[in-house]
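Enquirer: Order-wise, the sequence lines are chains A and B. Just so you know, we're using numbering that gives the first Met the number 0 here: the first sequence kicks off at 0 and counts up by one. Just so you know, we're using numbering that gives the first Met the number 0 here: the second sequence kicks off at 0 and counts up by one.
One thing to keep in mind: the hints can contain errors.
Because identical chains cannot be distinguished in the list, a pair is counted as satisfied if it fits within a single copy or across any two copies.
Said to hold, decoys possible - BS3-like cross-link-like pairs, simulated, lysine-lysine; straight-line CA separation at most 30 Å:
no. : residue 1 : residue 2
1   : Lys322    : Lys258
2   : Lys311    : Lys322
3   : Lys461    : Lys558
4   : Lys322    : Lys265
5   : Lys497    : Lys429
6   : Lys266    : Lys291
Note that these hints are calculated values from the structure, not bench results.
Here's the letter readout for the chains.
There are 2 protein chains.
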Amino acid sequence: MARLSAILRLKRLNSLKGIYLRSTTNLPNIPNYRDYHSHDGAQDWWENRRNKRYLLLATGTIAGALLTWATEIGDSSVEAKEKYDSDIENHHKTIRKDLPTYKIEEISEHNNEKTGIWVTYGIGVYDVTDFVPKHPGSDKVMLAAGAAIDPFWHIFQQHNTPEVLTLLESFRIGNLNPEDQVSTKDMGDPWSGEPRRHPILKPAAQKPFNAEPPPSMLIDSFITPNEFFYVRNHLPVPEIDEKTYELEFEVEGVKKVTKMTMKDLKKLPRHTVTAVVMCGGNRRSEMDSVKKVKGLFWGPSAVGNAEWTGVKLCDILNKLGVKSDEVRHVHFEGLDTDPTSTFYAASIPLAKAMDPRGDVLLAYEMNGQPLSKDHGFPVRAIVPGTVGARNVKWLGRVYVSSEESDSHWQQKDYKGFSPSTDWDTVDFSKSPAIQHMPVTSAICYPTPGEKVKVENGHITVKGYAWSGGGCRIVRVDLTCDGGNSWHVAELEQEDLTKAPAGRAWSWTLWTAKIPVPNKAKEVEIWSKAVDSNYNVQPESFENIWNLRGVLSNAYSRVKVKISG
Amino acid sequence: MARLSAILRLKRLNSLKGIYLRSTTNLPNIPNYRDYHSHDGAQDWWENRRNKRYLLLATGTIAGALLTWATEIGDSSVEAKEKYDSDIENHHKTIRKDLPTYKIEEISEHNNEKTGIWVTYGIGVYDVTDFVPKHPGSDKVMLAAGAAIDPFWHIFQQHNTPEVLTLLESFRIGNLNPEDQVSTKDMGDPWSGEPRRHPILKPAAQKPFNAEPPPSMLIDSFITPNEFFYVRNHLPVPEIDEKTYELEFEVEGVKKVTKMTMKDLKKLPRHTVTAVVMCGGNRRSEMDSVKKVKGLFWGPSAVGNAEWTGVKLCDILNKLGVKSDEVRHVHFEGLDTDPTSTFYAASIPLAKAMDPRGDVLLAYEMNGQPLSKDHGFPVRAIVPGTVGARNVKWLGRVYVSSEESDSHWQQKDYKGFSPSTDWDTVDFSKSPAIQHMPVTSAICYPTPGEKVKVENGHITVKGYAWSGGGCRIVRVDLTCDGGNSWHVAELEQEDLTKAPAGRAWSWTLWTAKIPVPNKAKEVEIWSKAVDSNYNVQPESFENIWNLRGVLSNAYSRVKVKISG
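One chain only, chain A, in its complex shape:
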């Protein structure tokens, strides 16, 4: 990658907060950066400023991650990092002389709605009573009510962003008695076990690590190479010793707990299933560009298609005497934990797990290799056709229960809502947890703003399409004249014997040659996929917008420049 002479700066541009990279060159070859153009009007801004050699990198939670990345490649980025620190990151380390000082005993009394909810961070004391009901993870905030949030944010480092820190400071009511300050220095570094990642992965967050490959590389192969497969971690990657690893199985109402070692698991019949895993927030940045959402700033590459090998979950459950029924659920509990020892968990309907055509695996191999640390070593759940969040990694326990998982990620996240539902009105109990994903497609080549060559009056467009629940993609339509004419793409997909009705778990890669209007200098390309239930993508993000930015499956729209 080209070495840059760069200065990173934090700016406000009207209401737009962001980090900008100024380069001594025109930055022509930085695909990782260019993918963020379409955010919050950034593309326009970038167009306007192009001559001045500015480039908007990102806003929100991704900013920190990009700063880190930039540090590695730019000369002057340290200066920028310091500026960033001094602007925002020191608020909670600074005594506010206009405010009173509180002892921890006083603060600890404010631990519920009635007394008000106070927390501390650094030496700041904050009254977050009004904020808590609107917070995406308010149940988690309450764990720190009347106490320090430092140990939590030590793990959930996505909070260390200018936006969050600025918001926090707005709740400041005092200073913490210096003697009562909590240090996280002795907590050990929960991130010390993180593996090395391929530099192609573009981080949406560093801790926990969340990253995706560039779209144009994603569609280079029908099977996504392990190193390029997007990573979505919710907590630090746990250290697991395969030799002592045991996977627990428990059935509600049955006393006996069954434990299986890797050796036990590998004795059972091996099955290989080619399946997509897609993040519930894939393509969120496109929804965010219509109206701000809360969540990691994913592009279109929080998805991959791999060959997973392991044991069929129904084989094990059958051995344990479990009978399929319509009301029970299977919980998957991860070995990754937060400071309160809460583990990542999710559940799926038992009927899906017990259905031999459902192809749910406890997988220990990915594309013929043992699972890597980022992908759930040594065992993860693969639930084909189902949102990534239920494909639990670092599996510690499988539990058959009459209730859904009560985990944060099952109950308070990964659910869809009406476009008019906001953080004041949202009631997470009213929507079902996402399981099967809706039909989607994305244009991966060309990328936004790219100059595209016309050959015989046509341009070539490529991308992927996929639908959850085992639905096959039957057609992908492209237009570059706003829907006046549609062109059907050539599809690359598994043959029907490998992906029969209701069991099409792989994605479809597609290529289309579409005619462009004579003398056009710029066109907007749209893609829409149709699945075997003849469901089709919705047209616009406006009407499917939801406050968490999940299920972001509207038409993919990419504006490109035409060159002769």
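With chain A held as given, fit chain B onto it using these hints.
Expert: Structure of chain B alone, referenced to chain A:
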């Protein structure tokens, strides 16, 4: 119903052909008629002409049916019928002195593409060579190549419309030698066995009978009464004697044919499943209003929800030793036939039939009553979650095969295509037969143009929503300000124990109270449903348009007037 002093007239209004009713009153209370307003700009026309007391009834194939209906209620309609006849219906009975006369021997030589395709109707001779490739049932037209189409149209009376007859006359090349004329008088009347129908059913065609109830009545009950359940027949209703009835079962490659009488069937375990049956062309008239399609002019009521009782198909197939697999199909063959003794037929994947959670029935009861003649007496297939066309009525034979059914309705109809595919470019082999239906909803109250009362700033809107493949409806959103604000409807649906994940076969009825802007005189209400795969309806018909007008599941949009 109010008695009308009416005159029916056939007119051309610019490019718009239609039948108009002129009344001495303002026709305020004729819901059956009013439902057609939105077709082809008809609503505007009706608005303009309202003071003159004109009302557009219908265009196209439905015209004849409405004429018949009007005959029953209007004084002067016979006059109109005569006018209609003399305008159009006599062309093929009239000698064209400007054209030559041909003997049947000459005509019979023109029976393929090379020699040209000629047909006769009445005393007209027609060269349809150019038309055949564009005809929805071109394989069927070829059965009459070089001969008379009279025996076919005797059955397929949907051809007796002004449009078709006008089109046919445009292909006229000569007159048939009078001695060679074919009479259908001795053919017997294939329609003599048609049952009496409830007058609430609004016909989209009479022969074969196709009719739907008014939308506002449809949503009056969660279970659709038998008499109000839409009827979609493809051929004359067959006469079947229950006492001698036998249902055949055959498995490809197995010599033995199993026959079961009604007594045999009723000895097997009884199952009741509550399931929607929906026509693949439901809501076609809304798609047609964007751009003309070929097909029956269905409103939003070609759907119903009933309790079906019968035998599980998997129980019988299991008894016959059939094992589920991923490549085979189950054919359903009806006892209804055309003049060439071709029976109605369709197929579904064997995996769906063998899945105990698929709930495929051979049903002999509908809402606790033996099946009526129109609904498939004595036995029909019920394939929950799957397009009506596969729920074959008057079942004669069930056949397990390695191939899909080769019937016209499986191979040359009931398939979706890109909006840019027309009758010149369509290749039916390129699209899969519709099985599971996509998510849809329809506003059934108020109806288009209706005056709606505002109470406390709100209007009440009602409708249904449904999704195929066993997907449950999880939300219905309403807006009357173009999507600026969305309002979530209250849902009436089966409880989760009766409709668990993947087995929600019933529909959802919904009611919403939505605020209307102050002083609004007219609003357009939109509904969109979201299913448990979080698939959502597409916004507009333009981008899902297809030449057959199937899968017409865009937002439901209804313009109403506001009264204080």
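Enquirer: For each hint, tell me whether it holds in the structure or not.
Expert: Right, here's what the structure says about each hint:
1. Lys322 <-> Lys258: For Lys322 and Lys258, the Cα distance is within 30 Å only inside one copy (19 Å; across copies 34 Å).
2. Lys311 <-> Lys322: Both. Shortest intra-copy (15 Å) and inter-copy (20 Å) distances satisfy the 30 Å Cα cut-off.
3. Lys461 <-> Lys558: within (14 Å within a copy, 40 Å between copies)
4. Lys322 <-> Lys265: Both ways: Lys322 and Lys265 sit 23 Å apart in one copy and 29 Å across, limit 30 Å.
5. Lys497 <-> Lys429: Between copies, since 19 Å is at most 30 Å while 37 Å is not.
6. Lys266 <-> Lys291: Neither way: Lys266 and Lys291 sit 49 Å apart in one copy and 61 Å across, limit 30 Å.
This entry does not satisfy hint 6, going by the numbered hints stated previously; all others are met.
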